[in-house]
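Asker: So you can see what is in the structure, the chains are spelled out below.
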Amino acid sequence: MDGRGFMFPVDTAIGKNGRMHTVSRAYAPATAQLRITMYDIDSEYFGIYGGYGESLGQFKWPIGMASDQSGNIYLSDELNNRINVFSHEGDPIKYWGQSGSKEGELNGPSGIAFDSGGNLFVADHMNNRIQKFTKDGNFILSFGNKDQDTLNMPWGVFVSGDGFVYVADWGNDRIVKYDSSGEFVRSFGSRGSGNGQFRNPSGVAVDEDGYIYVTDWGNERLEILDKNGNFIQSLRGQATISKWADEYFDGNYEEAEPRSRSNLEPSPVQFGGDPHEESAHIEKLFWGPTSVKLDDDGRVYVTESNRHRVQIYERAG
Amino acid sequence: MVSTSTDVKLMAHLLRRAGFGATKEQLDQYISTGYEGVVDSLIDNEDSSRINNALVRRYFPDQSVTHDTSGAGSYWLYRLVSTDSPLREKIALFWHNVFATGYTKVTNGKPMSDQLRMFRSNGFGKLDKLLLKLSRDPAMIIWLDNVDNHNGAINENYGRELLELFSMGVGNYSEDDIKECSRAFTGWSIANSDYIKQLAVRNSIMPYGKLAWRYEYKEDDHDDGEKTFLGHKGNFDGEEIINIICEQPATARFISRHLYHFFVADEPPVPSWPYKEPQDLEAISILERAYFDSGYDIGEMIRVLFNSEFFKSETCHYKKIKSPAELMGNVLRTTEEFVTPNIRISERNSQITFMGQQLLNPPSVEGWHQGLEWIETGSLTERVNFASQHLGDLSKPGVKKIVQNVMSDEGESISAEVCVDKCLDQLGAIQTSQFIYDTLVEFAQANGIPSINLLKDPENAANKISELMSVVASVPEFQQS
Chain R
1 MDGRGFMFPV DTAIGKNGRM HTVSRAYAPA TAQLRITMYD IDSEYFGIYG
51 GYGESLGQFK WPIGMASDQS GNIYLSDELN NRINVFSHEG DPIKYWGQSG
101 SKEGELNGPS GIAFDSGGNL FVADHMNNRI QKFTKDGNFI LSFGNKDQDT
151 LNMPWGVFVS GDGFVYVADW GNDRIVKYDS SGEFVRSFGS RGSGNGQFRN
201 PSGVAVDEDG YIYVTDWGNE RLEILDKNGN FIQSLRGQAT ISKWADEYFD
251 GNYEEAEPRS RSNLEPSPVQ FGGDPHEESA HIEKLFWGPT SVKLDDDGRV
301 YVTESNRHRV QIYERAG
Chain A
1001 MVSTSTDVKL MAHLLRRAGF GATKEQLDQY ISTGYEGVVD SLIDNEDSSR
1051 INNALVRRYF PDQSVTHDTS GAGSYWLYRL VSTDSPLREK IALFWHNVFA
1101 TGYTKVTNGK PMSDQLRMFR SNGFGKLDKL LLKLSRDPAM IIWLDNVDNH
1151 NGAINENYGR ELLELFSMGV GNYSEDDIKE CSRAFTGWSI ANSDYIKQLA
1201 VRNSIMPYGK LAWRYEYKED DHDDGEKTFL GHKGNFDGEE IINIICEQPA
1251 TARFISRHLY HFFVADEPPV PSWPYKEPQD LEAISILERA YFDSGYDIGE
1301 MIRVLFNSEF FKSETCHYKK IKSPAELMGN VLRTTEEFVT PNIRISERNS
1351 QITFMGQQLL NPPSVEGWHQ GLEWIETGSL TERVNFASQH LGDLSKPGVK
1401 KIVQNVMSDE GESISAEVCV DKCLDQLGAI QTSQFIYDTL VEFAQANGIP
1451 SINLLKDPEN AANKISELMS VVASVPEFQQ S
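Those sequence lines, one after another, are chains R and A. Residues 1 to 317 in my numbering are what the first sequence spells out, letter by letter. Residues 1001 to 1481 in my numbering are what the second sequence spells out, letter by letter.
Bound conformation, chain R alone:
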C-alpha cells in the first residue's frame, strides 16, 4: 500500500528537520496497510517505509515511536516484542528485543522515549513495568512493578529534560512520575471524567515550563496539567480539513457535495454522555487519541487512531 494517509495510526515521531513519521497499525485482515508515513507540517509527503512481518524492517503490532539525537526512528512492536530501528529516510537498520518477563526481556513493549543521554525507556506493558535500555538494547534498569506503585498495563512514557520519567499508567487511570533512577516521585489523577481525572490515559508529554499534556484516551480528550498536577485545560478536539483531505474532495465531488449539506456537528447531548459515541458522530473531535508529542517550535501533536489523522495545536504562550 503506497500513498498518503494513515490507517489506524497510533504514534508520531518528530524527526530530523521537523520531518514527521506516523505509524499506521492497520488491522489484521488489512496488514498491507501497515506502514510508516513520512511528511512535514506543510503536508509535504516524503514516502512510506516498513511493512507487516518479522524480518528486518517489518513489524506486526506497532505502537510507540521515538527519534534519537541523530534522527534515527525507533518503533516498538508489541506482538514481536522488539524495538525496530530505522534511519531518518526510513531504511531499516536493525531490531532488538527478547520475549519474556525477566529483566531486559519484553512482553508487549508500548510507548518509548529517549532521555537526554540517549537511553531508551520502554513501557513493557504486559510486564507492568518500565525498562531502560541503551539505544542498542542493552538492559540498564527496570522499575514500576514493585509494591504499592505497581503500574497496570502502562502505555505512553516520556522523559523530561531534567530526567524525570512520566508514565501513562493506562490501567490505573493516572500519570506516574519517577526520578531518573526509577524511584517513585508522585502520581497525578484518578479514574473519572472530571477535570484532572483520567480514564485509561495513553500518552504523556511535558514541556520546558513543566506543563503536562495527557491524551486521556478513554475520555477522548487532551488534558493539560501544571507541574504540580493541577488542572489547566481540557481539549476535545477541533480538527479542520487537511490539505490531503481537501485534495481528495476536489477529485470526489460525489462525496463532497452531500457532505457540504450534512450536519457534522450534531448536539452531543443525544449520545448519553459517552465520549466514544460523541466522537463517533462528531468528526472534529478526538477519537482514540493514542499519543501526544511536542516539538521545539511550540506545537502539540495528537495522533488519533480512530479518525486516521494527527491534530496539531500551537501551545499557548
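A few of these clues could be false.
Unchecked claim - Distance condition first, Cα-Cα at most 27 angstroms in a straight line; then the derived DSSO-like pairs of lysine-lysine:
(1) A/Lys1400 - R/Lys102
(2) R/Lys284 - A/Lys1218
(3) R/Lys102 - A/Lys1396
(4) A/Lys1024 - A/Lys1009
(5) A/Lys1401 - A/Lys1024
(6) R/Lys243 - R/Lys177
(7) A/Lys1024 - A/Lys1105
(8) R/Lys94 - R/Lys146
(9) R/Lys177 - R/Lys135
(10) A/Lys1024 - A/Lys1464
(11) A/Lys1197 - A/Lys1133
(12) R/Lys102 - R/Lys60
(13) A/Lys1400 - A/Lys1009
(14) A/Lys1179 - A/Lys1218
(15) R/Lys243 - A/Lys1197
(16) A/Lys1009 - R/Lys60
(17) A/Lys1179 - R/Lys284
(18) A/Lys1319 - A/Lys1276
To be verified - From chain A, some residues computed to sit far from chain R (all C-beta separations above 12 angstroms):
(19) Thr1066
(20) Gln1198
(21) Glu1347
(22) Leu1372
(23) Gln1431
Hints in this document: simulated from the structure, not taken from any laboratory. Quick caveat: nothing in here was measured; it's all calculated off a predicted structure. Glycine included, each C-beta is placed from N, C-alpha and C at the ideal position.
We have chain R; now place chain A onto it with these hints.
Answerer: Just chain A now, with coordinates in the frame of chain R:
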C-alpha cells in the same frame, strides 16, 4: 458406557441450546443452582461483565469503530467465546438471523455492532418495543431502503419484510397492507442520509473514517394521511402499525415457530412455513399462549420454552446441528484461548466464514436457513478439522486442564472405556450412540492409551488423550446440539 444422571444430561442439553455448551467443571457449578434457577439467571442476567471493552479498543481499534465488518465480526466472536451471559449473545444471534441485516449493503461495522447491542438490550423484552427499535435502527434503515421511503413516493422494501419476514409471514396480509404499512414508515430515516448513502455505496473511508449513523425522523417527509391496515383505519404512523402487527395471531405463531426452530428442533426453512404445518403444534400453541399472556414478552416465551416438557424431552437432544457460530463458541470456550482478547480472533472470524456463516453478513434478508443446510462437503470438512485441531491441541489451556482431569485419580493406567467416558464427560456430558462409543473405545485401544504408564510417562499419555479428544470433536454428537 457410564450412565449419566438425568439432571446432568438435562443441564448439558440446556447449556448447549441456551449457550455454547459447558464443560464438566462449568456443569457442576450450574447443577448446584438447579434447572429453573439456571433458566432464570440465563434470561435475567445483565450483559456480561467479563468483556474487556477497553482492552479490545486498545489492541484492536478497528473492532469498535466505523470501519468494515471484519473488526465488528471479530469483536462479536470475542463476545461469544468470552461472555458469562451466553443466552444474551444467543438471543442476539437469534434476532440477527430473523432480522437479517448484511454488511454488503451497510458497509460500516459500527451500525452493525450497534444493532447487535440493541438486540442484547431488547431481545428478551416485548416484541412491540423491539420492532420499534428495529424500525429506527440505522443499519436496518439502509439495509431495507427505508431511507428511500418518502411521502408520496414509497419504497415498500421495509414495509414488506416487516410483515413477511419479521412478524407475520406470507399469507396473512395483502399487497395493500404492505403499501399502507410503508406509508406509515415514511420519514423514518437517518441523519445526513444523502452523504451516508454515498459513503455506503462507495464503501469510502475518506477522509477521516466513516461517520457513525443515527436515526432521524423527518416530519416533512412523513405521510400523515389516513391508512387502512389489516382492517384498521386511522392516521397511523409506524408505532401504531407495529401495535396492530403484534396483536395478530399470525405474529404469535411466526415468532413461536422461530423460537422453536432456533432453540428446540429444526423446522423447514421459513419460506415453506405457509405451506407446512409446524412439526409440534402443541408446543407452538404453548408458546403462542405465552406470547399473549405475557403481553408479547420474548423473555417469558423463552422461559416457558426452556421449562417445557417438549424442550426437556430426550427425543430432541442432539437433534439440532450446531450453527458454525455455536460450534466455534463451544470449542473456543472449551479451549479457553480468549480469556483476554488476542489477535487470533480475527483468524477465527475468517474461519467461521468457511463453515458457512459469516457473522454480520447473512446470505439474504431471509437469514441462514439452519438445520441440514449447515452441512455440505466443504463446510463439514472445515467444521471437523477446526474442532479436531483445537480440541487436540495441548497448548490450549482448556485442553490441558481437561486432559489432566481425565488422567487424575487413575493411578498407573487408564482403560480405553474409562478414558472415553471421562473425555465425553469433561466435554459436557456428551451422550453418544453405542456405535460411536464403541468406535471411540476402539480408537483409544488402538492408540495404546491403556498400555501407557500415566505416572512414568504422563507426557505421552497426555498426547494420546488429546488425540482422542480430537476424534471426539468429529463425532456427530459433538457437532450437534
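Asker: Is A/Lys1401 close enough to A/Lys1024, meaning Cα to Cα at most 27 angstroms?
Answerer: Holds, because 11 angstroms separates the two Cα atoms, which is no more than 27 angstroms.
Asker: Sort out whether A/Lys1218 lies within 27 angstroms of R/Lys284, counting only the CA atoms.
Answerer: Judged against 27 angstroms, a Cα distance of about 25 angstroms means the pair holds.
Asker: Please verify whether A/Lys1319 and A/Lys1276 have alpha carbons no more than 27 angstroms apart.
Answerer: Holds, because 20 angstroms separates the two Cα atoms, which is no more than 27 angstroms.
Asker: R/Lys243 and A/Lys1197: Cα distance at most 27 angstroms?
Answerer: Since the Cα atoms of R/Lys243 and A/Lys1197 sit roughly 25 angstroms apart, the hinted pair holds (cutoff 27 angstroms).
Asker: For A/Leu1372, is the shortest CB-to-CB distance to chain R above 12 angstroms, so the non-interface label stands?
Answerer: Given that every Cβ of chain R is farther than 12 angstroms from that of A/Leu1372, nearest at about 31 angstroms, it holds.
Asker: Would the least Cβ to Cβ distance between A/Thr1066 and chain R come out above 12 angstroms?
Answerer: The claim breaks: A/Thr1066 does not keep its Cβ more than 12 angstroms from every Cβ of chain R (closest is about 6 angstroms).
Asker: Assess, step by step, whether the Cα of R/Lys243 is no farther than 27 angstroms from the Cα of R/Lys177, and give holds or violated.
Answerer: Status violated; Cα separation ~38 angstroms.
Asker: Checking one constraint from the list: CA of A/Lys1400 to CA of A/Lys1009, max 27 angstroms. Satisfied?
Answerer: holds, 24 angstroms
Asker: Quick one: work out the minimum CB distance from A/Glu1347 to chain R and report holds if it exceeds 12 angstroms, violated otherwise.
Answerer: Since the minimum Cβ distance to chain R is about 8 angstroms, A/Glu1347 lies within 12 angstroms and the statement is violated.
Asker: Would you check the hint for A/Lys1024 and A/Lys1009, treating anything up to 27 angstroms between C-alpha atoms as holding?
Answerer: holds, 11 angstroms
Asker: Holds or violated: R/Lys102 and A/Lys1396, Cα atoms, limit 27 angstroms.
Answerer: Since the Cα atoms of R/Lys102 and A/Lys1396 sit roughly 23 angstroms apart, the hinted pair holds (cutoff 27 angstroms).
Asker: Would you check the hint for A/Lys1197 and A/Lys1133, treating anything up to 27 angstroms between C-alpha atoms as holding?
Answerer: holds, 21 angstroms
Violation of the numbered hints given earlier is confined to hints 6, 7, 8, 16, 17, 19, 20, 21; the remaining hints are satisfied by the structure.
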